[in-house]
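Student: Below, each chain spelled out in residue letters.
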Amino acid sequence: MNNRTWMSRSLAGTAVLMLGLTLAGCGGGGGDASSRPENELHLAVYGDASNKVEQAMVDKFNQTSDVKVVLDTIPGADYQTKLQTIIDTDSAPDIFFNWGGGSIANFVKADLLMPLDDLIEEDPQLKDAFLPSVFDTAVIDDKSYGIPMRGTQPVMLFNNSDVLKQAGIDAPPATWDDLLDDVEKLKAAGVTPIALGGADQWPTQMWFQYVFDRVAGEGLFQSALDGDTDVWDSEESREALGKLRELIDAGAFGTNFDSVKFTDGGSPTLLSSGRAGFELMGSWAYATHLDANPEFAENVLGYSEFPAIEGGKGDPANLAGNTNNFYSITKNTRYPEEAGEFLKLMYSDEFVQEQIAIGNLPTTTNTEEFLDEASNPEYAKYQFDLVKDAPHFQLSWDQAYPPEATVTIHTAVAQFFSGQIDEDGFIKAMQSL
Amino acid sequence: MTTLATRRQAGPGGSTPSRPARSGASSVGRPGFAWALPATIFFALFALVPLAAVAVLSFTSWSGLGDPEFVGLENWETLVTDPVMVKSLWLSLLFIVLGVVTQTPLSILLGVWAAGNQRNRAILSAIYFVPLLLSSAAISVLWRALLDPNFGIPGQLSWLFGDGNLLGTQSGAIGVLIFVGMWQFTPFHTLIYQGAAKGIPTVLYQAASIDGAGMVRQFFSITLPQLRNTAITSIILMVVGGLTTFETVLILTNGGPGTDTTITAFYMYQEAFQSFDFGVGSAIALVLVVVATLISLVVVKVSGYDKMNSSLEGL
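Protein chains in written order, with my numbering: chain A, 453 to 885; chain B, 164 to 478.
This is chain B alone, in the form it adopts within the complex (with noise of 0.2 Å):
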């Protein structure tokens, strides 16, 4: 998945359509195919193998000792009719549709303010990296200690927080990993709109500014249409980046209450590392290779993304 996300998200650099090779020049000294025999055989060893084997799991009965069981569809049978599967999958969709609405219009706000010259603005953008810099783990832990109900901040703001038990509903739970989320990526996505927005030329802006456009109609006439491209990679990650959610579910909610945050990454593991049973966790697995190629591709048609130009064309 990682692989497919990279090569999607290594687009935008490379966007300018590469010449065709056929143009007549001669193709000497020029790569073939065997330059790209070491990505193939990384690619082959640590994606496509294991993807196979993973296949191959999925229609066994296995704990780990001995050797696997064929069992047919028995796997599939039991996910299909497993509630916890279903509603898996829509928690996944909820994180991934939450991610993306809370997460973007903030980064790219902060992304456009921090591409600017204002003063003080490189020590405040290295302040809001450091999220950044921590490991989920980290981060999981600090939110969780910090969200204690009777010792943390809840315990201290009882008129917001009530009794505190953020984490033992279900609404408060999504609440809080939607938001920790936010708090651990959207520096990540800051960085690639403030680079995106750097990227856009003044000219553009000094035309708007004789025409007698503000502030905000150059916000929304130039500037956004202009991270139209950046917006869609950052929203492809950040789909691909929900999907897949899981340090932050282990260790601040364990998937709870009962299976209320039991999205499908963190069920896959359960399943398989938890319950000790691999071939209905190879199975969930395969289900969220689909589900993630679907929403790629779903993302990609309807953004247009495949048969993007430049920006900047015409200038």
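The shape of chain A in the complex, shown without the other chains (with noise of 0.2 Å):
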């Protein structure tokens, strides 16, 4: 056999190769209830310290049904990404964690997920058994798409009250001017008056979320997230970037805040160390400072509300972070009544009490009477307070836009603050989503 033969051969084999891969990679997408496991619920959960409470859920669901319900848990970081890449095909999960807003928009505009407006006629609790400043967080042109599970997460000024003292300031800023006096105090007294992971991006993010509330009410985000883009360049947004000016020019955050990070214990260190004073954090700020550093956690944090602005258009009691996670039902599910099913442990007493034990805070009616058995009855009480009584509650802007939207925001909100780009910079970038 000579060279040639061999050549040729080997060349139609490869290209048979290809084809038939190329062929099967055009398989996927769509798939019906039929070709889904039998007696099998796959529920996909993103993967941390609060899967013990789901497996014992799951468990509990499997001892009485006999569609068994499977955990499936995707390693955190990864968790959107392999998300967005199975939920188009057969593997999709029938029911899946998800941050409710943004973070489901696109499935359900590819109308891959179950509006859950049946399952709540059948049974009401589905949706009154829950703070409805944190359910409306899932419902998408009028329809429910999801069910809180976990818990909230309010983004909150922690201070710590030594270096407060020391400065000379006795309670936290309730109001914007406030907040100004005790940037000069926490200066004169040598210290960085606001802790802030710049670096990560996201905590500079929760400044804008609660300024622009403030100044404009909840209205303009909103009006923006359908789609008027000229609300960015109102006068209120122009206001709200000129507070934001104002504190950054007046050295609230120091001059290194780039370089600084929250997901590696930088900002957290600053305050609890006492070289800043103030931290603007998500709830997750306690069990962080508790488990690095308890006594400080325990007898130094303090917290409050964001403060009021004077003049602003918004309610001083409104919040902003992430209302509370989610499960959602995806349309091709074999079983959608088990899932409803499923979906009625979320505002059981059983699981209140667990997610509490593990520091967590579900918002659910009857969370209120499990409070004394947090592991701060305090803390616990105040954050819960907090979102009862919030008007509006507003979804942290990088979820309430589909994922495409983050990194501009993102990338926007670091060079304001760092003053790569003016207010005309920051209103060209949001405009441009």
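Mixed in with the good hints there might be a few duds.
[Stated by the list, open to error] A few chain A residues that face chain B, going by a derived Cβ cut-off under 8 Å, partial list only:
| no. | residue |
| --- | --- |
| 1 | Thr525 |
| 2 | Ile526 |
| 3 | Thr541 |
| 4 | Ser543 |
| 5 | Val560 |
| 6 | Leu722 |
| 7 | Thr785 |
| 8 | Arg786 |
| 9 | Glu790 |
| 10 | Glu856 |
| 11 | Gln872 |
[Said to hold, decoys possible] According to the in silico footprint, chain B covers these stretches of chain A (three or more CB under 8 Å from chain B):
| no. | segment |
| --- | --- |
| 12 | 643-657 |
| 13 | 698-710 |
[What the hints assert, rightly or not] Covered stretches of chain A, going by a simulated chain B footprint (3 or more residues, C-beta under 8 Å):
| no. | segment |
| --- | --- |
| 14 | 751-757 |
| 15 | 862-871 |
Please keep in mind that the hints were generated in silico from the structure rather than gathered at the bench. Glycine residues also receive a C-beta, built at the ideal position from the N, C-alpha and C atoms.
Now that you have both chains on their own, put them together as the hints suggest.
Tutor: Printed below as a string of structure tokens:
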């Protein structure tokens, strides 16, 4: 056999192989209920410490059900990417963890999710048992797509009470002017007034979502989200940016915040070591400090609401942050009824107690009864009341928008804080979404 | 890309020109094309097929949901006018140049030194090679912690680093990335130069000594010219490595501050896997393929690597 025959044969073989692969690659997409496993419901969740409660719920459900729920935990950092990759294939989960809002908007648009309104009509508790400000995060086009699970995570202004005392500050700032005064006092005392993990970018964004809400009210962001990008150029928007600029220019965050991270313990340590007075952070900050420095978390760490802004249109009781996480059901599920049954566990007393025991704060109306069982009942109660009384709970900007907007938002907020872009630059970036 | 680079890199080892097959000897028992079949299939499966798929994807809009939708040249039009894309290419080029300029002299010196017979040489060499054993991710996390402005090295040496905002300024962030790249990859290139330096015949040095040449003269007149082929291999590897630097950027700077360290490879990841825009991501990937190929070709042409002969010829 000479080389030429070999060459043509092997090339033909390669071509066939490639064609086969290409065809196989096109096989995905869609699928229907009958192609899914029998007597199994797959539940995909963000893999972390909360999984033990979820496993307990699954075990409880499986004791009485013929259709068994299988818990698939996906490592946290890869969760959204992995979900996006499988949700349109035969391997899609039946029920999955998400953040509501923009994190599921594309799935709704692609008609992959099951509206839960029929289930809610049968069992109104699926809606009524949850705090409304939280439940509404997973409502898209007036249809409900998610049931809250896990805990709520409002963003609060944390402080080092020792540092505040030394700088002559008696109480956390109630208004924006108080905050500016405190910044001056803390600077005079030789500490960074506010710790900020600017390298992570999302902590910087927290300042924007609160100041915009306080100055312009929740309507501005909602309009922008609905497609009216002109609102970014409105008077209120410019006023909010002006407030932020004023705070940055006052030196509130020091000069090296762009090199500091929250995720590697940088900014929390600034606060706990007494080198900063305040830090704006999600409610998980308590657990973070408790883990790194229990003494500080229990005795020194203080917390308050984001200050009111005088003359602003937003209600000072409004919150921003992660309202909660949600379970949504995919349309192709083989067992919609059983999936609905499983969701009912999310408002059971047992679920609430187990969540509280691991430090989460569920958002059901019966949560209140069990707050005394929390590891820090005072903190849990404070947080729960904030969420319960909030007229509006703004989901973090980067999660309210679909995932493709995240990079643009994060870059814009970081560049505005470091002075790389001005008001016009920020407005232009947000209008491009 | 890697395959291409690896094949090039294999050059020096097999650089003795293969004897022409038609030298009259019988071809019986000689390797035919069949011998290359497994490698060919692998190459097709893992390089050509994905490359073709990426080329197709670059003309579509696809978020990972549903079927890709053909949009013609839209992604390419976006990229041409995208300031971040243009900036990222310049940054990549800067990374390559700075990487080569900082790593080459150091690894030549270390490599030549390590090829000698000094006392404690083996121990010190072993220490130099430690960074090579760590993964890029581990190295990045390590330096990230060491460079914390308040609790890391800058906080202790404020007379040198000022407020420690190293990763918060463009020059600082680029400096850190180049430094970490140097820390990580110099050992590898040192290893290559060490091997090459050991291969230089000692008769050359003996002759030079007799002629009265000192250490420095020997280094510039014998060692460096003899390392020429090795240097080109090493530089090509640095170029390809610089172009595909990714983990260090992701972990140390996340492309920031702003987009100041968003090099092309990172921008591709950002568009495809953070913004779920696989169309634009694929287009960037293709640009990267073209740029890398061009740079490799230029290096090969300029250096005369393609018609290079053994440096030992005539000995």
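Student: All the hints need checking, so say for each whether the structure fits it.
Tutor: Evaluation of the provided hints:
Contact between Thr525 of chain A and chain B, as hinted, is not supported at the beta carbon level, the nearest pair being about 21 Å apart and thus beyond 8 Å. For Ile526 of chain A, the interface hint is violated, since its Cβ never comes within 8 Å of a Cβ in chain B; the closest pair sits about 15 Å apart. A least Cβ separation of about 10 Å between Thr541 of chain A and chain B goes past the 8 Å threshold, and the interface hint is therefore violated. Look at Ser543 of chain A: its Cβ only gets to about 13 Å from chain B, farther than 8 Å, so that hint breaks.
This hint is violated: Val560 of chain A has a C-beta 11 Å from the nearest C-beta of chain B, more than the 8 Å allowed. For Leu722 of chain A, the interface hint holds, the least distance from its beta-carbon to any beta-carbon of chain B being 6 Å, beneath 8 Å. Given hint, Thr785 of chain A at the interface with chain B, is violated; its Cβ is 17 Å from that chain's nearest Cβ, farther than 8 Å. Violation of the interface hint for Arg786 of chain A is found here, the shortest Cβ-Cβ separation to chain B being roughly 21 Å, above the 8 Å cut-off.
For Glu790 of chain A, the interface hint is violated, since its Cβ never comes within 8 Å of a Cβ in chain B; the closest pair sits about 26 Å apart. For Glu856 of chain A, the interface hint holds, since its Cβ comes within 8 Å of a Cβ in chain B; the closest pair sits about 4 Å apart. The interface hint given for Gln872 of chain A is met, as the beta carbon of that residue sits about 5 Å from the closest beta carbon of chain B, less than 8 Å. Residue count for the segment 643-657 of chain A with a Cβ under 8 Å from a Cβ of chain B: 3. That meets the three needed, and the coverage hint holds.
Coverage of the segment 698-710 of chain A by chain B holds. Counting CB-CB distances below 8 Å, 5 residues qualify, and the rule asks for three or more. Counting residues of the segment 751-757 of chain A whose CB lies closer than 8 Å to any CB of chain B gives 0, which falls below the minimum of 3, so the coverage claim is violated. Using a Cβ-Cβ cut-off of 8 Å, 4 residues of the segment 862-871 of chain A lie near chain B, which meets the minimum of three, so the contact claim holds.
Checked against the numbered hints given earlier, the structure breaks hints 1, 2, 3, 4, 5, 7, 8, 9, 14 and satisfies all the rest.
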